[in-house]
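Undergrad: Each chain is listed here by its residues.
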Amino acid sequence: MSATRAEVCAVACAEAFRGDGEILAAGIGGAITVLGARLARLTFEPDLITHDGVCLLTGDVPALGGTPKEVDGWLPFRDHLWLVLNGRRHVMLGAGQIDRHGNSNISCIGDWTRPKAQLLGSRGAPGNTRCNTTSYWIPKHSPRVFVDRVDMVSGVGWDRGAHEIRVVVTDLAVLDFATPDRRMRLRSVHPGVSVADVVGRTGFDLVIDNEVPETRRPTGEELRIIREVLDPGGLRDREVGA
Amino acid sequence: MKKVMSIEQVVGSMGSGMTIGIGGWGSRRKPMALVRAICRSGLTDLTVVSYGGADVGLLCAYGKVRRLFAPFVTLDSIPLEPHFRSARQSGSVEFVEYDEGMFMFGLLAAAHGLPFLPTYAGLGSDVLRVNPGLRTVRSPYGGEELVAVPPLTMDVALVHLNRADHRGNGQYLGPDPYFDDLYCKAADRAYVSCERLVGTGELLKEGPVQSLLVSRAHVTGVVEAPNGAHPTTCEPDAERDEAFQRLYARSAAEPAEWALFRDRFLSGDEGAYQAAVRRWHEEDSR
Numbered sequence: 012m013s014a015t016r017a018e019v020c021a022v023a024c025a026e027a028f029r030g031d032g033e034i035l036a037a038g039i040g041g042a043i044t045v046l047g048a049r050l051a052r053l054t055f056e057p058d059l060i061t062h063d064g065v066c067l068l069t070g071d072v073p074a075l076g077g078t079p080k081e082v083d084g085w086l087p088f089r090d091h092l093w094l095v096l097n098g099r100r101h102v103m104l105g106a107g108q109i110d111r112h113g114n115s116n117i118s119c120i121g122d123w124t125r126p127k128a129q130l131l132g133s134r135g136a137p138g139n140t141r142c143n144t145t146s147y148w149i150p151k152h153s154p155r156v157f158v159d160r161v162d163m164v165s166g167v168g169w170d171r172g173a174h175e176i177r178v179v180v181t182d183l184a185v186l187d188f189a190t191p192d193r194r195m196r197l198r199s200v201h202p203g204v205s206v207a208d209v210v211g212r213t214g215f216d217l218v219i220d221n222e223v224p225e226t227r228r229p230t231g232e233e234l235r236i237i238r239e240v241l242d243p244g245g246l247r248d249r250e251v252g253a
Numbered sequence: 003m004k005k006v007m008s009i010e011q012v013v014g015s016m017g018s019g020m021t022i023g024i025g026g027w028g029s030r031r032k033p034m035a036l037v038r039a040i041c042r043s044g045l046t047d048l049t050v051v052s053y054g055g056a057d058v059g060l061l062c063a064y065g066k067v068r069r070l071f072a073p074f075v076t077l078d079s080i081p082l083e084p085h086f087r088s089a090r091q092s093g094s095v096e097f098v099e100y101d102e103g104m105f106m107f108g109l110l111a112a113a114h115g116l117p118f119l120p121t122y123a124g125l126g127s128d129v130l131r132v133n134p135g136l137r138t139v140r141s142p143y144g145g146e147e148l149v150a151v152p153p154l155t156m157d158v159a160l161v162h163l164n165r166a167d168h169r170g171n172g173q174y175l176g177p178d179p180y181f182d183d184l185y186c187k188a189a190d191r192a193y194v195s196c197e198r199l200v201g202t203g204e205l206l207k208e209g210p211v212q213s214l215l216v217s218r219a220h221v222t223g224v225v226e227a228p229n230g231a232h233p234t235t236c237e238p239d240a241e242r243d244e245a246f247q248r249l250y251a252r253s254a255a256e257p258a259e260w261a262l263f264r265d266r267f268l269s270g271d272e273g274a275y276q277a278a279v280r281r282w283h284e285e286d287s288r
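Chains as they are written, first to last, in the working numbering: chain Z, 12 to 253; chain H, 3 to 288.
Do not take every clue at face value.
[What the hints assert, rightly or not] With beta-carbon atoms standing in for the labels, derived distance ranges: (1) Z/Arg-125 - H/His-114: 52 to 58 Å; (2) Z/Ser-153 - H/Glu-146: 43 to 49 Å; (3) Z/Glu-81 - H/Gly-201: 33 to 39 Å; (4) H/Lys-207 - Z/Ser-153: 53 to 59 Å; (5) H/Asp-78 - Z/Glu-222: 53 to 59 Å; (6) H/Arg-131 - Z/Lys-151: 26 to 32 Å; (7) Z/Phe-215 - H/Ser-18: 47 to 53 Å; (8) Z/Gly-203 - H/Glu-146: 43 to 49 Å; (9) H/Glu-204 - Z/Arg-227: 44 to 50 Å; (10) Z/Arg-125 - H/Trp-282: 34 to 40 Å; (11) Z/Gly-252 - H/Asp-265: 45 to 51 Å.
FYI, nobody ran anything at the bench for these hints, they're computed from the structure. Since the model is a prediction, treat every value here as computed from it, not as a measurement. Note that CB positions come from ideal geometry on N, CA and C, so glycine has one too.
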């Protein structure tokens, strides 16, 4: 079976949670992040805790948009905000801008005092990044997102006291910070993508090793789970083009 | 004490320049009937404290907001709030931008009469740069630096709950209390609107004792406002009206469309609003 780009991305997001154990895998940066967390739980990370996107921790692992048959916990917003401080949580966020140290912006584009484009506001990004392991999902890798300097630091990067920025998964590649000074490194390129493609769509210099491997391809079992169990409606294809 | 009031009486008790806290979260269980009444009133120059959604958007559209304390403004199923965006991009509203955990600590500090609560949330981020008034403290035990979140005190809190009694006890029947109890405790005066006013003895027939979220000790007035959170969620009484919210967002993005929307839905009182929404759905389904 050959995997689509969206499926490669979903598996790369799942991989972000490898080794996390019994903590909340909070995919809140789009459908692919939710898919990744649930896929990890159904395959190599069975102790992960996943939620329904509202306030239930689910005993089973429903499809995207589905209702759980079992509930194993209650996490209203007030407890979710406390859990951020508690720390047993790995969050996968989105970002309008991100820099080489993993500082991210979801607040606004342009000067904060009178922005060109107001976005969400900082939401929980400051506390999430300071207290929890954080990864990012960027569905369209572009120099508008990967910038030299973010306009507003909503989420803090490695140079500003982040707890851990683990990986950045995009539609082209997986990036990490496995460098001595915690600058962003190209960890792998997705099948069919070249290193030059990624470099051309990144607005700062990435750390690039001599050999950049290809992102792991989904296994047959992973594809079956994605297609038949978790996302039969194909929500993943709305976030990533073919 | 008689606490049952009309929407107009609640809004009539408020004054321009006040700080108003609005319960709910994003596009969930917002006291929209009271918000719509503020839009119809002469109130102006308000400071609004909110996990913001259509409440903030609508108040911005009517030019009611001088200053906003919020960690975000969103319609949830529609990520960005068009009126809030316009207000920020035109510079018409002063924004005090918090992290959402910091915001909760501000509510907790205000609800409990504390001068601040310490948290790590916000450290290292530009939330501290754009809020030069926020201070940090050092722990007297280990010396760590923490943000000292000041209390989010408010003159008036407005929340919408599923049930309330005439004494002002408020009950939520949905999955999340949000922070409505904290808003009521943080405010000098709190007003609860509800889907249905019931006798005190009826409250526990629909939910467990833990669903009694707001105590009459903190409530000044209570209003029956069926479907009063529309178009935001008020489970289990009402889901979010997604079709109407889409119409709202589409209209808000275009001045001519917005004039039509205002004229059709917001030119009369709450009863006229609810009737206009019903008519719109009837036409929409034909």
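Undergrad: Taking the earlier hints as the rules, which of them does this structure contradict?
TA: Of the numbered hints given earlier, those the structure breaks are 1, 2, 5, 9, 11, listed in rising order.
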